[in-house]
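Student: Start from the sequences, fold in the hints, and give me the full structure.
Residues per chain, in single letters:
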Amino acid sequence: MFKNVNQEALKTIFASLVSILIGLIMGLIILLVTDPNNAFLGFQRALLGGFNRMPRSFGEMLYQATPILLTGLSVGFAFKTGLFNIGASGQFIVGGFAAIFVGVRWTFLPTSIAWIVGLIVAMIAGALWAGISGWLKAYRNVNEVITSIMLNYVAVFLVNYLVVATVFNQTRNESLSPTNAFIPRGFFDSLFPRTGVHMGYVVAVVVAIIIWIILEKTTFGFELRAVGFNRHAARYAGVNEKRNIVLSMMIAGALAGLGGALLYLSATGVHIEVVDVIPLQGFNGIPVALLASSNPLGIIFSSLLLAHLNTGGFYMQTLFPTEIINIMVSVIIYFSAFAMITKSVLEKYLKRKGGKNA
Amino acid sequence: MNIPFLVQQTMFFAIPLMVVALGGMYSEQSGVINIGLEGIMIFSTFMGILVLNMFIGVIPAQFLFILALLVSGISGMIFSSLHAYASVYQKANQVISGTALNMFAPAFFNFTMRNQTGSNQLYFFNQYRIPKVALLGDIPFVGPLFFTNTYISTYIGLVILAISVFVFYKTRFGLRLRACGEHPQAADAAGINVYRMRTYGVLISGLLAGMGGLILTIPTTTAFGGSVAGYGFLALAVLIFGQWKPKRIVFAAFFFGAMKTIAATYTSIPILLSLGIPGYLFKSIPYLTTILVLAFTSKKSVAPKALGEPFDKGKR
Numbered sequence: 078m079f080k081n082v083n084q085e086a087l088k089t090i091f092a093s094l095v096s097i098l099i100g101l102i103m104g105l106i107i108l109l110v111t112d113p114n115n116a117f118l119g120f121q122r123a124l125l126g127g128f129n130r131m132p133r134s135f136g137e138m139l140y141q142a143t144p145i146l147l148t149g150l151s152v153g154f155a156f157k158t159g160l161f162n163i164g165a166s167g168q169f170i171v172g173g174f175a176a177i178f179v180g181v182r183w184t185f186l187p188t189s190i191a192w193i194v195g196l197i198v199a200m201i202a203g204a205l206w207a208g209i210s211g212w213l214k215a216y217r218n219v220n221e222v223i224t225s226i227m228l229n230y231v232a233v234f235l236v237n238y239l240v241v242a243t244v245f246n247q248t249r250n251e252s253l254s255p256t257n258a259f260i261p262r263g264f265f266d267s268l269f270p271r272t273g274v275h276m277g278y279v280v281a282v283v284v285a286i287i288i289w290i291i292l293e294k295t296t297f298g299f300e301l302r303a304v305g306f307n308r309h310a311a312r313y314a315g316v317n318e319k320r321n322i323v324l325s326m327m328i329a330g331a332l333a334g335l336g337g338a339l340l341y342l343s344a345t346g347v348h349i350e351v352v353d354v355i356p357l358q359g360f361n362g363i364p365v366a367l368l369a370s371s372n373p374l375g376i377i378f379s380s381l382l383l384a385h386l387n388t389g390g391f392y393m394q395t396l397f398p399t400e401i402i403n404i405m406v407s408v409i410i411y412f413s414a415f416a417m418i419t420k421s422v423l424e425k426y427l428k429r430k431g432g433k434n435a
Numbered sequence: 250m251n252i253p254f255l256v257q258q259t260m261f262f263a264i265p266l267m268v269v270a271l272g273g274m275y276s277e278q279s280g281v282i283n284i285g286l287e288g289i290m291i292f293s294t295f296m297g298i299l300v301l302n303m304f305i306g307v308i309p310a311q312f313l314f315i316l317a318l319l320v321s322g323i324s325g326m327i328f329s330s331l332h333a334y335a336s337v338y339q340k341a342n343q344v345i346s347g348t349a350l351n352m353f354a355p356a357f358f359n360f361t362m363r364n365q366t367g368s369n370q371l372y373f374f375n376q377y378r379i380p381k382v383a384l385l386g387d388i389p390f391v392g393p394l395f396f397t398n399t400y401i402s403t404y405i406g407l408v409i410l411a412i413s414v415f416v417f418y419k420t421r422f423g424l425r426l427r428a429c430g431e432h433p434q435a436a437d438a439a440g441i442n443v444y445r446m447r448t449y450g451v452l453i454s455g456l457l458a459g460m461g462g463l464i465l466t467i468p469t470t471t472a473f474g475g476s477v478a479g480y481g482f483l484a485l486a487v488l489i490f491g492q493w494k495p496k497r498i499v500f501a502a503f504f505f506g507a508m509k510t511i512a513a514t515y516t517s518i519p520i521l522l523s524l525g526i527p528g529y530l531f532k533s534i535p536y537l538t539t540i541l542v543l544a545f546t547s548k549k550s551v552a553p554k555a556l557g558e559p560f561d562k563g564k565r
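One line per chain: the protein sequences are A and B, in this order. With this note's numbering applied, the first sequence corresponds to residues 78 to 435, in that order. With this note's numbering applied, the second sequence corresponds to residues 250 to 565, in that order.
If you're looking for bench data, these hints aren't it; they were derived computationally from the structure. Everything numeric in this text was worked out from a predicted model, so none of it was measured. There is no bait here: all hints are sound.
Some chain B residues well away from chain A (every beta-carbon gap over 10 Å; in silico):
| no. | residue |
| --- | --- |
| 1 | L319 |
| 2 | P380 |
| 3 | K381 |
| 4 | V382 |
| 5 | L385 |
| 6 | F390 |
| 7 | F422 |
| 8 | H432 |
| 9 | A435 |
| 10 | T471 |
| 11 | I518 |
Capping the alpha-carbon separation at 30 Å, the derived lysine-lysine pairs in DSS-like fashion look like this:
| no. | chain 1 | residue 1 | chain 2 | residue 2 |
| --- | --- | --- | --- | --- |
| 12 | B | K419 | B | K562 |
| 13 | B | K554 | A | K319 |
| 14 | B | K340 | A | K88 |
| 15 | A | K88 | B | K562 |
| 16 | B | K554 | B | K494 |
| 17 | A | K319 | B | K494 |
| 18 | A | K319 | B | K548 |
| 19 | B | K494 | B | K340 |
| 20 | A | K294 | A | K88 |
Here are some chain B residues the structure puts well away from chain A; computed CB gaps all over 10 Å:
| no. | residue |
| --- | --- |
| 21 | Q376 |
| 22 | G392 |
| 23 | L394 |
| 24 | A439 |
Glycine residues also receive a C-beta, built at the ideal position from the N, C-alpha and C atoms.
Tutor: Shown next, in the form of structure tokens:
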């Protein structure tokens, strides 16, 4: 049994590697067509990614991976429980605002714990925001895809209003910098000096592991997945399926909200700008989750891969527009949708090999 | 209050939403989720505007616009064939391949534009507005509402609606398509080629989403920045709001369009402005009212039964 599970995981990883390879080759071809002279240098920088200028680039990569690890977890967790959370963007910005609010206004908190309070409040805000979609899905039978798309817009408008009303930096048309809540740099400070990476990355990885344990090792997680698999069967088996749908959505929202807090409390000069644009980090959670087949542990690696490539994009921008990275990622995602075939090809191969040995 | 202006604005929002949602309907009624509408719109709008810029001054304005709409539609079809291949023939996860389209299109646009021009704005000259349709524009009341300050794309959108409804309900093709989304095994047993029908479904969604992208972009801006501002996702919402049925989709699109118009123009409507409601609430109106309406009307939702399930001939 255990051996089978391992083999299954191995096949999935192999299939992902093939997709990544195809994506990279496509990227190289496009670079060659665009500018043959610089193609290989550019490609090399894209591949080196977080290793371009050690240790700095590596720190930047971890910094970039932090928020998308969380939004990836948010989308992936919802997928595992049968929900499509396309609203991670809204939950992300709501959580981000909540964290900034704590950082700017709750100055009575001592600095040592203010950032932790910020993270918790952000999670609650994200959970409540996503809970609206969950409640509507469970009790009013409204498709969660629609409500979370709609709530993305409402979240942006609401947060803009709240930023202006409570934590506004008028001259720059953005939120104020938190004064006493920022995530400490910890050991990253000496490992990767002068980069954005902070202890939030450790928080993110730990959260991913916790989510994996909840989903795979607890009755609660089993129930959540059962509802996702077949709502009616789960109810028949005595699971309170309505409550579980709301809870699934709230947990997904808490994760995205935490992602927002980890970005906006990182003291790297990022602020919420008062513009009517839906933040991209939420949507980027979708490919992160899909690349890892929504496995929380896999999401740790898929978010690193995306951050790695994006860091590479930063170092090649003198040669090529950075969008080449997103082209590569989209090709990788497209072929990872085919993962099934790659897996079945591998299966046949293994079977043949196994047959010979036996 | 300028009622003709409000009606015209509503049309500019609602028609493209309706066209794209109708496209999505064909895909989803055949059983294939198409979350890639947004990407298809972006890709095809890019192609359509390239054609507009290429032949400006060579071909008369309205003919050029129609040509560009056709090119957009065909580009959308070609681009969506990637989704069709993955989701129908490779039995891929339909959400994944749709997401890939959404990611590819803006990246492709930005990469090409930055590389060729250094900017990521594609400008075009808007010569396509029709100030007043001859004769029809002179009809009292109706004329100013529907036949002044308009675009040929609006009427094309209505023609698309008529054709869509006809094909969907009155032809053998429409019936078979719906069968594939409802019970593909039964359809297969009845001798229908499910793979082919689903491919048609996705390609039609590409055609309509492609045209919808240009229909949305031309009247509302003169610079395309590789984004359709989430309209592909909104069309998806309209499709679900419309319960996957043409007439309800029309209602949903116009409901949303009207709300969007109120949200966009409340500053010019004195009654609304005098209420003292904060602006963000007005901007949220289309989204909040949609949620509210759905909360009271979706007790029994009727998604196609086999939506999202890859069809495998060998399985029963």
